[in-house]
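Starting from the structure of chain A, add chain B where the hints point.
One letter stands for each residue in the lines below.
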Amino acid sequence: MSQNIDSIKQKLWKKLGDKAYRDAFVAAQIPNTLVAQIETLREQRGWTQKELAEKAGMLQSRISVMESQSYDKFTLSTLKKIAAAFDVNLVVRFGPFSELVEWVASLSPEQISVPSFGQDTLAGIEQKQVLPDGYPAKQRLVAADPRPYQETDYSGLGGLGSIQGWFKAPSSYATHQ
Amino acid sequence: MWHFYDYIEPQSGRNPFDDWLRALPADAQAAIDARILHRTGMQKWPEKWASLYKGTKGTSKIIELRIPWNKVQYRPLGMYAPNHSFILLEGAIEKSNKIPQSRIDNAVQRQKRFEENPSCVTEH
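From first to last, the protein sequence lines stand for chains A and B. Convert by adding 4 to the 1-based position in the first sequence; the result is the number in the working numbering. Convert by adding 135 to the 1-based position in the second sequence; the result is the number in the working numbering.
Isolated chain B, as found in the complex:
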């Protein structure tokens, strides 16, 4: 079983992924929650569900969850962590096959902070 966690900003206590999710329409939130819950129970994560984002430089390994819903491509961004854990770092919407660079940059920065302080997470 996989465990999903939201990254928490250490200083402000802000939960950026949850902020992004709650700003979406209720039906989109449901589609994303349904997919995340479904992935929780699945051993295998095929490429079609979750794939390494190939646009990052250096050692960052940002994973994008691919969730199409009502013709919108939702892309929760996160990273794998030990013990079958997945840390949700940021959320984005892909347009014209591109995720906004600012969202990727946020995810990369939060990944670094998480690696420095792995306790800055909460249950999704």
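This is chain A alone, in the form it adopts within the complex:
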């Protein structure tokens, strides 16, 4: 017996042709993912519900309810608190159904688990970027390195040279030790 992802995608895509079906599918998919993620991320970190509640500034009883399979009343405010407690990104945006199908059909425990910032990596950047507060986002993209700031030479990157200005730190920070 075997089942392939393409078959799952094809069947789901066909069913999504029904407006009532796809509206409900979106509504059902959100709590499925969130409930599983909250419990998974908490357990991966070795936290009890009480510990997560303390870190998120919530009651343990609320965490318990949120981890119950029938909970579907998540608010953005609550999700932001939970994301901050886990130190992970929170993605809330509208997207195409094709993206949903890809996500659902290839769902795995690895997709559900999310590293905290301290364990996270950004491709191509070896050193963790820790940004001083109070700097505009574009100008904060400099390494929190104890050495003095030095502007990176992007001249070898052709057309990308125009983005140099983004990375130029304010003079006060450039000389900061």
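Worth flagging that the hints you see were computed from the coordinates, not collected in a lab. Honestly, I wouldn't trust all of these hints.
[What the hints assert, rightly or not] Example chain A residues on the side facing chain B (calculated, C-beta under 8 Å, incomplete):
{"#": "1", "residue": "Asp22"}
{"#": "2", "residue": "Tyr25"}
{"#": "3", "residue": "Phe29"}
{"#": "4", "residue": "Ser74"}
{"#": "5", "residue": "Val108"}
{"#": "6", "residue": "Leu111"}
{"#": "7", "residue": "Ser112"}
[Said to hold, decoys possible] The calculated DSSO-like cross-link candidates involving lysine-lysine, where the alpha carbons are at most 27 Å apart (straight line), are:
{"#": "8", "chain 1": "A", "residue 1": "Lys23", "chain 2": "B", "residue 2": "Lys179"}
{"#": "9", "chain 1": "B", "residue 1": "Lys230", "chain 2": "A", "residue 2": "Lys77"}
{"#": "10", "chain 1": "A", "residue 1": "Lys19", "chain 2": "A", "residue 2": "Lys54"}
{"#": "11", "chain 1": "B", "residue 1": "Lys183", "chain 2": "A", "residue 2": "Lys54"}
{"#": "12", "chain 1": "A", "residue 1": "Lys84", "chain 2": "B", "residue 2": "Lys179"}
{"#": "13", "chain 1": "A", "residue 1": "Lys19", "chain 2": "B", "residue 2": "Lys206"}
{"#": "14", "chain 1": "A", "residue 1": "Lys77", "chain 2": "B", "residue 2": "Lys206"}
{"#": "15", "chain 1": "B", "residue 1": "Lys183", "chain 2": "A", "residue 2": "Lys59"}
Even for Gly, the Cβ is constructed at its ideal location relative to N, Cα and C.
Structure of chain B alone, referenced to chain A:
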């Protein structure tokens, strides 16, 4: 990754779980499909999502998937099979914390038939 299969009646070729599912409102079908697809990708199946139905006699091990949707308790009934497979045998709606006995009986009978003839399934 888990694999879901529908039990097929060997003689008639009927797919009882699919018949049950298609008779439900579209939104309920979506909620059930969403849960099944989600479980497909999950290694762990906590008790809150899927649990052993405790009302069967003998050696039957019927598993109920717990799917609440719009204040209705949907209960796809099935069984675990080798290689991370789950066979959907029947569907039911729980009322007053009870699943209709006829649905359980159907699931138990189909479980026996499946064990005699494990090829009588199709991809969910």
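Consistency of the hints with the structure:
Restraint check, A/Asp22 versus chain B: the minimum CB separation of about 5 Å is within 8 Å; hint holds. Hint on A/Tyr25 holds. Least Cβ distance to chain B is approximately 4 Å, under the 8 Å limit. Contact between A/Phe29 and chain B, as hinted, is supported at the beta carbon level, the nearest pair being about 4 Å apart and thus within 8 Å. Interface hint at A/Ser74: satisfied, since its Cβ lies 4 Å from the closest Cβ of chain B, which is below the 8 Å cut-off.
Annotation: A/Val108 was flagged as interfacial toward chain B, and the flag holds, the nearest CB pair being 5 Å apart, inside 8 Å. The interface hint given for A/Leu111 is met, as the beta carbon of that residue sits about 3 Å from the closest beta carbon of chain B, less than 8 Å. Interface restraint check for A/Ser112: the shortest CB-CB distance to chain B comes to about 5 Å, inside 8 Å, so the restraint holds. At most 27 Å may separate the alpha-carbon atoms for a hinted pair to count; A/Lys23 and B/Lys179 exceed this at roughly 31 Å.
Between B/Lys230 and A/Lys77 the alpha-carbon distance is near 23 Å, which keeps this suggested pair within the 27 Å criterion. A threshold of 27 Å between alpha carbons decides the hint, and for A/Lys19 with A/Lys54 the separation of about 41 Å lies outside it, so the pair is violated. Using a Cα cut-off of 27 Å, the hinted pair B/Lys183 and A/Lys54 holds, with the two alpha carbons roughly 20 Å apart. For a cut-off of 27 Å, the pair hint linking A/Lys84 to B/Lys179 stands: about 26 Å separates their Cα positions.
Straight-line distance between C-alpha atoms of A/Lys19 and B/Lys206 comes to about 23 Å, which keeps the hinted pair within the 27 Å bound. Our distance criterion of 27 Å between C-alpha atoms is met by A/Lys77 and B/Lys206, whose separation comes to about 14 Å. Pair hint B/Lys183 plus A/Lys59 holds up; C-alpha atoms about 25 Å apart against a cutoff of 27 Å.
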